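A.B. asks: Spelled out, the chains give:
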Amino acid sequence: MAYTLEGETGSWEVVCGLEVHAQVISKSKLFSGASAEYGAEPNSQVSLVDAAFPGMLPVINRECVAQAVRTGLGLNAQINLWSRFDRKNYFYADLPQGYQISQFAHPVVGEGKVEVTLPDGSTKEIGITRLHLEQDAGKSLHDQDPTKSFIDLNRSGVALMEIVSEPDIRSPEEAGAYLTKLRQILRYLGTCDGNMDEGSMRADVNVSVRKAGEAFRTRCEIKNVNSIRFVMQAVEAEAKRQIGIWEAGGEVVQETRLFDPSKNETRSMRSKEDAHDYRYFPDPDLLPLVLTQDFVDGLKTHLPELPDAKTARFVREYGLSAYDARILVMEQATADFYETLAKGRDAKMAANWMMGDFFAALNRTSTTIETSPVSAANLGALIDLIADNTINGRIAKEVFEAMVETGDHPADIVEKKGLRQVTDTGAIDAAVGAVLTANADKVAQYKAGQEKLFGFFVGQVMKAMAGKGNPALVNEALKKKLA
Amino acid sequence: MSLDPAAIRRIARLARIRVDDAQVQQMQGELNTILGWIDQLNEVDVTGIEPLTGGATMAMRLREDAVTVPDLTEAVLSNAPDRDGPFYTVPKVVE
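Quick mapping for you: the protein sequence lines, in order, are chains A and B.
Counting from -5, one number per residue, gives the positions in the first sequence under our numbering.
Counting from 18, one number per residue, gives the positions in the second sequence under our numbering.
Honestly, the hints are just simulated from the structure, not real lab data.
Take these hints with a grain of salt, some might be off.
What the hints assert, rightly or not - Stretch by stretch, here's where chain A covers chain B in the computed footprint (C-beta under 8 angstroms, at least three residues):
hint	segment
1	74 to 80
2	83 to 89
3	99 to 110
Claimed, not checked - List of simulated lysine-lysine pairs, DSS-like, C-alpha gap at most 30 angstroms:
hint	chain 1	residue 1	chain 2	residue 2
4	B	Lys109	A	Lys175
5	A	Lys257	B	Lys109
6	A	Lys82	B	Lys109
Just so it is clear, the structure is predicted and the values come from calculations on it, not from any experiment.
Backbone N, C-alpha and C define an ideal beta-carbon position, used for all residues, glycine too.
Working from the sequences, and respecting the hints, build out all of it.
C.D. replies: Right, here's the structure in full:
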């Protein structure tokens, strides 16, 4: 079912494309040797290039180029062996050069595509128009003083990848799925940490609306949206605004807007009429960026297994459903944890423990897979204790809770708490005998045909044995005695 | 191609260069002379010829990814017209 918004004049289709700015993971900046690390003291990571002192020359960082190429490969995109840098000219207080070094006419990465999975399980291909490298600007703080803006240039010159999608997105849900998938691929590749809170991934959202079968109408661009949820809300809010304008007989004007999450609306940026006149021209300080096919092939050989391939392999090797596999590969660390866990064990059982009790415990204790008190080795040991009949499934849950609390090895917990499963048939027979004697009336009813009572007897025996009876042996002993 | 006075003023504003009315006429003449030369170049048929991107057929040098610049806070800020602690300060700019 295609997503549409209902207006007074009928259904409207939403058309959306995203420009994602992803900060490149590297030690130093794109054109200078200053540190690119986040969170340092203001202006402590600023080289004379970043502060745009006269006469300074930019020299490109090989690793930043490699990261862009890796990302291109991960997006199934064409790598351009010849690309070039241009100057994008504008004046702003946190842009000391007066221009941003970017790639306008000849980006390093061309067309590609990503496949996204929607909540209903269906998939859709979103086209990538291009990916180019550019410098980030510094950071302005407007709330420190009534009359002044404060400028921190630590971010000035840090490498960004701008990843532009085709206008293939047709709903807020698809926008969310695309961003989620893109972030996942970047994190797997190790080319961007995808941390939207720290601004290392932010999106400009292009939105227009149209009636079915029409050509594209005028679009508006919503700048700098910094969470996946806000992108989804912004798409819907902006589409509704535009529908209102068209239906009132008005005309949507192409402009740059901001999204206000507290009001769930977009509003026009007070931009001057020439804000978009960037007067791009080739940067005379920089020669063309020329890569060899060997350089690209070398990077390709060392790419990690990406989410789509891993999902397919999990389905194939571990017999998981596509849904379960997708959840387990969401993060590289989760997938690695699962593979450690599943190795040499019942793969389905490993998946169930991870997605059930383990994920619930992470949520409850606000820990992550990296900081979890329960390691993959320990959770695996717990599954082994179930598999070799040392403990039963119910006791296992109790042991697991103790593992979350203490981080101890499950075998130690079982020993210390005396939770070892009772498989001694003598002890089981004795418990069965005692329960049947104490419930002679129910035994008579059972024998008269009330077979549902069998469950009651199992429960009573387990209770008498403090939950430690082997369920299969208890069933067997009961059946024999009641026969 | 030639530029009218309005285009001259617009280009000057984009470049943040103050140009008074008397200068507009002078600049219009100078820039149009330059554009005249460009128009002459445009008469050359370059079909099928690869664009020349620079005076040298060289490629960009790539440096290794290493932090080579120390903390220069005081050095860079010593040139700031105005500062507050470790920050540059400028007249308030806000959208």
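A.B. asks: All hints, please: hold or fail.
C.D. replies: Against the structure, the hints:
1. Evaluation of the coverage hint for the segment 74 to 80 of chain B: fulfilled, as 6 residues show C-beta separations to chain A shorter than 8 angstroms, against a requirement of three.
2. Counting residues of the segment 83 to 89 of chain B whose CB lies closer than 8 angstroms to any CB of chain A gives 6, which reaches the minimum of 3, so the coverage claim holds.
3. Only residues whose C-beta sits within less than 8 angstroms of a C-beta in chain A count toward coverage, and the segment 99 to 110 of chain B has 11 of them, enough to reach three; the restraint holds.
4. At most 30 angstroms may separate the alpha-carbon atoms for a hinted pair to count; B/Lys109 and A/Lys175 exceed this at roughly 38 angstroms.
5. Only pairs whose Cα atoms come within 30 angstroms are accepted, and A/Lys257 paired with B/Lys109 is accepted, the gap being roughly 25 angstroms.
6. Taking the CA atoms of A/Lys82 and B/Lys109, the gap is about 23 angstroms. The hint holds against a cut of 30 angstroms.
The earlier numbered hint that this structure contradicts is number 4, and it is the only one.
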